[in-house]
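Colleague: So you can see what is in the structure, the chains are spelled out below.
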Amino acid sequence: MLRKRIIPCLLLKEEGLVKTVKFKQEKYIGDPINALKIFNEKEVDELVFLDISATERKEEPHYDLLSEIASECFMPLAYGGGIHKIEQISKILSLGFEKVVINTAAVDNPDLIKEAAQVFGSSTIVVSIDVKKNLFGKYQVYTKRGTYNTKLDPVKHAANVENLGAGEVMLNSIDRDGTMSGYDIALIAKVSNHVSIPIIASGGAGNLQHFYEALTLGKASAAAAGSFFVFHGKNRAVLINYPSEADFSQSQIF
Amino acid sequence: MIPYQVCNRCVMDTSEPEISFDENGNCNHCTAYLSNEHNLALQSDTSKKEDLNKLVERIKSSSRNSKYDCIIGVSGGVDSTYVAYLVKELGLNPLAVHLDNGWNSELAVSNIQKTLDNLGIDLYTYVIDWHEFRDIQLSFLKASVRDAEIPTDHAIISVLYQVAAKENLKYILSGANSATEGIYPVTWTYGIADLKYIKGIHSIFGSKKLKTFPSTSLSMKDYYILLKQIKTVPILDYIDFNKEKAMQIIQNELGWRYYGGKHYESIYTRFFQGYIMPVKFKIDKRRAHLSTLICSGQITKAEALEELKKEIYPAELYESDREFVLKKLKLSETDFAEIMKLPIKSYKDYPNSKNYFEFRKKVVPYLRKISLMH
Ligand SMILES: [Zn+2]
Numbered sequence: 001m002l003r004k005r006i007i008p009c010l011l012l013k014e015e016g017l018v019k020t021v022k023f024k025q026e027k028y029i030g031d032p033i034n035a036l037k038i039f040n041e042k043e044v045d046e047l048v049f050l051d052i053s054a055t056e057r058k059e060e061p062h063y064d065l066l067s068e069i070a071s072e073c074f075m076p077l078a079y080g081g082g083i084h085k086i087e088q089i090s091k092i093l094s095l096g097f098e099k100v101v102i103n104t105a106a107v108d109n110p111d112l113i114k115e116a117a118q119v120f121g122s123s124t125i126v127v128s129i130d131v132k133k134n135l136f137g138k139y140q141v142y143t144k145r146g147t148y149n150t151k152l153d154p155v156k157h158a159a160n161v162e163n164l165g166a167g168e169v170m171l172n173s174i175d176r177d178g179t180m181s182g183y184d185i186a187l188i189a190k191v192s193n194h195v196s197i198p199i200i201a202s203g204g205a206g207n208l209q210h211f212y213e214a215l216t217l218g219k220a221s222a223a224a225a226g227s228f229f230v231f232h233g234k235n236r237a238v239l240i241n242y243p244s245e246a247d248f249s250q251s252q253i254f
Numbered sequence: 001m002i003p004y005q006v007c008n009r010c011v012m013d014t015s016e017p018e019i020s021f022d023e024n025g026n027c028n029h030c031t032a033y034l035s036n037e038h039n040l041a042l043q044s045d046t047s048k049k050e051d052l053n054k055l056v057e058r059i060k061s062s063s064r065n066s067k068y069d070c071i072i073g074v075s076g077g078v079d080s081t082y083v084a085y086l087v088k089e090l091g092l093n094p095l096a097v098h099l100d101n102g103w104n105s106e107l108a109v110s111n112i113q114k115t116l117d118n119l120g121i122d123l124y125t126y127v128i129d130w131h132e133f134r135d136i137q138l139s140f141l142k143a144s145v146r147d148a149e150i151p152t153d154h155a156i157i158s159v160l161y162q163v164a165a166k167e168n169l170k171y172i173l174s175g176a177n178s179a180t181e182g183i184y185p186v187t188w189t190y191g192i193a194d195l196k197y198i199k200g201i202h203s204i205f206g207s208k209k210l211k212t213f214p215s216t217s218l219s220m221k222d223y224y225i226l227l228k229q230i231k232t233v234p235i236l237d238y239i240d241f242n243k244e245k246a247m248q249i250i251q252n253e254l255g256w257r258y259y260g261g262k263h264y265e266s267i268y269t270r271f272f273q274g275y276i277m278p279v280k281f282k283i284d285k286r287r288a289h290l291s292t293l294i295c296s297g298q299i300t301k302a303e304a305l306e307e308l309k310k311e312i313y314p315a316e317l318y319e320s321d322r323e324f325v326l327k328k329l330k331l332s333e334t335d336f337a338e339i340m341k342l343p344i345k346s347y348k349d350y351p352n353s354k355n356y357f358e359f360r361k362k363v364v365p366y367l368r369k370i371s372l373m374h
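As given, the protein sequences belong to chains A and B, one line each in that order.
Using full-length UniProt numbering, the first residue of the first sequence is number 1, and each one after it goes up by one.
Using full-length UniProt numbering, the first residue of the second sequence is number 1, and each one after it goes up by one.
Here chain B stands alone, though its shape is the one from the complex (with noise of 0.2 angstroms):
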């Protein structure tokens, strides 16, 4: 077994199965994060200024015959509802697109609406069947892998697609950001592209048809891309994007309240992370953000230590959070006691397209620069 060792710059820890250190004890991820040029969170501001200006332009050019400019995608988190209140002040008319997929909070509805209607931003909601949902994300929980969230945020990357496919728009602007999120290990969660993988375990574990679950093959991501232009920009790294900035910013304007932490604005997304992660795959997400904010400098390496002491669960809403999703799932407290037990599986352990995505990456390149010269 190795030893317990944590980055001399960062938080990032050895519960990571493949961090390696250097000399100083700095890990490959703070050093891969400071030493990528093309990182913009570490650009200069007059920089991005610049190339937020000529964004602007593009989207505002590539929309003239649309009712809208682009997409944004709202889940009333902070890195959401800071893309609304951005592109607004931009001078953008973007269309919000929200997933539902059976777990949104008190907070996460009443975010998203007071931002939208401050703003006057219209929205489309995408409501998965929530019966086919619930097999989908207990087919996760039975196949033991880390990748519960991945139908999640499949399905919402998919019905942006969808939604500028249809609207005819070229822009998504998305709230991912290197900012706040640009260091996480690839070992903590596969598949977010990857259909064969969703649909393998599906198929494995589950037992109801895929009626509404929104998906996007290879070719139909081929078809977004190339053939209609669809292109995701993460807008956030064209500021100078500060998480506690921005949201003072959007409490002040927008009325907008706090939910505690990271995407915990989905009651799954905070059990999930709250407590399985951490529990039976022994992963604190928290570590993979705070030491971004630090290599951001947005907050020091003491402070990431302290915040790391905190609970990451308060107690109360545990209790009332396993009981609702126990529930909502018809899982008894047993059968849930028998998936926290369940050996830990990866995706090498079912149908997967990661071969074929390593080839792909070779290729898509020469694709892209073919097709733009149509």
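Okay, chain A solo, but in the shape it has when bound (with noise of 0.2 angstroms):
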């Protein structure tokens, strides 16, 4: 069996970190490149660098930054944030990104993930989801740093984007970021039920038993979490950490 990928998930906010409690409440948390600095000598498995603000700046991707960001990391990066042409995708993996992630653009341009994993190959395009529940309880996909309701069904959104060829799903619960609680499980198993391609479940991430139950009950491929890997303890006072591997092994993840 593939060993599980459990992945430190950061918000870039202009050039500083930031983390949101339900896309919202966006609290600084530091310099990317000495937070990258530390993950990399933890030895992480994967990162996720998302710029929470790329989309709604209507700019390019901080280029500069990034290719910084990529000369000093040892494991494989992925990038998301206001990817919406082939040749954002195509710098952005020149600079030493191994994957993009795209989210607004799989919905208004789905095109672009069909010609992207055509062009770059599947395991380079993640297409993340953000979902929320609504009032009823219905799962709804939304866009646009969770400002768009597509009224899309998260099960048919993931299909659809599994079968135009992304290698990825980046499965985000909106009403879990942030909050520490636990991944919303039945989200997860829902959409892993019904398409092939791995999961990332992300949202919710407060201890080591969740990403063994996204894992097991959710059937995630790989878990995702950004609290969880820059906060301590009940104050969440800013402080990068990453479980060792006997912490893992233990909590019966690896």
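Think of the hints as simulated: they come from the structure by calculation, not from any bench.
A few of these clues could be false.
Claimed, not checked - Just some of the chain B residues that point at chain A, by a computed CB distance under 7 angstroms:
(1) ASP100
(2) GLY102
(3) ASP122
(4) VAL127
(5) ARG286
Note that beta-carbon positions come from the ideal geometry of N, C-alpha and C, so glycine has one too.
Got two chains here, each in a separate frame; can you build the complex from them with the hints?
Modeller: Have a look at this one:
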């Protein structure tokens, strides 16, 4: 069996790192380059950087910063934020990123996924799906950093992007983001039962048990987290951390 | 030029411009250290133990209405880690405070994490906006003064005061101690409390507005000390603080790991102390630290001399740190070479409050008496 991946997901806002709760309440948590160096030395499996201001900014990704990030980093890197053109993907991959993460454009322009998968290979294309439950408990897909309700069903959307050629789906619960109260296991299981590409569970991790649940009950192939890796204790004090191999195996994650 | 001379008793030498030697060849630093009757590092263990017990009682009674008993700073280094350990041994419930200035090493964060997890201590972290702090650090490098670590030290103290005031705690227990760092020449660093100096240098060489840099003006300091009655206590002076033994204990009990030199838990600090200080300013800070250890009886002079023969900065670490530091500060090799070549300046060349500090030194004890009468 393939080793499950545990992935820190870091949010960029301009040139700083932030962490949100339910996609709101941005809290500044420091310099991305320094965070990266620490994660590097902790030998994390993979890192995801999402620029949460990129789509709104309607400008190009901060290529200079991305280049600095890629040159400092030893492990596989993924970048998401504001990607809507093939040329952008090509540029980001050329900087040294292994994967790109596409969210809004996967809804607005599905052909981009198809073309990108053909040009760069499915394994480089991750579609992130941000999901929120409505008042009646129905899951709906949001884009534009959680501000636009597409009314799409996450299972159908995931199946659709799989058909288009996406290599992975990063499934993010907006309701659980930053709460550290556990993943939305029902959502993760629902989607992973209907698609065969790997699902990266995201949103809500607060302890090692949560990872275990996402990977077993939720059948996710990987689990991503933000707060868990950047905060310490009940005061949510900024302190980058990553469990040791021993901690993971004790929790039966590896 | 003064001929080279090294102290007969310790390892301080003429790289300290104001050093003086007596007829036996002993320097003013170790002489002052050893003859200081207030030097707790030299007092008997029984009298210290009594003082410590009294201190713990005072701390406990000062915090009856608070969630915590006191504030401790944590950096991941030996001293602050040992303070955390000691404070818990003494039955106190501290709130740990950490300043993130953008230079934490992996070792620093994992040491902090292990320490706090193992001891069950809550943490508060203050993160300075990195772009702002880089602007300050660059200003100090361009100012060409020895005091490039002052902004960090000032920020740490400010955050400790802020949190103590907010949590309504009266005691900050610091890791500063006379057993391992009592000797430190004033000519080497100036300005930790001098906000006018820090802001002065930043306004001359910097470009960003200061919004998140934690600072303490003199009137704020008066507020903290006189009005809020916050006391900073060097708690390691109340025990027989031995660096080797302390390291053994925190390694065994907390899983703490060593990182090389003194304060090398911060990447910038080790680059500054390991490269810029010795190469540009011809100062090897190890001399002061080792001299203190000699005087407090923790090592012999021969051992100190052996230690000084070791490379101050392991070559491989130096190479990778240099690349990283320049990258983070956005300095090219040419920019940095120019900084290293700038003529050396001192605080006297910039705005500062030194004269006012001298005046206050005489006045504040009276102010304190007056405030205690109320
Ligand atoms: Zn001496």
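Colleague: To test your reading of the hints: which numbers does this structure violate?
Modeller: Those not satisfied come down to hint 5.
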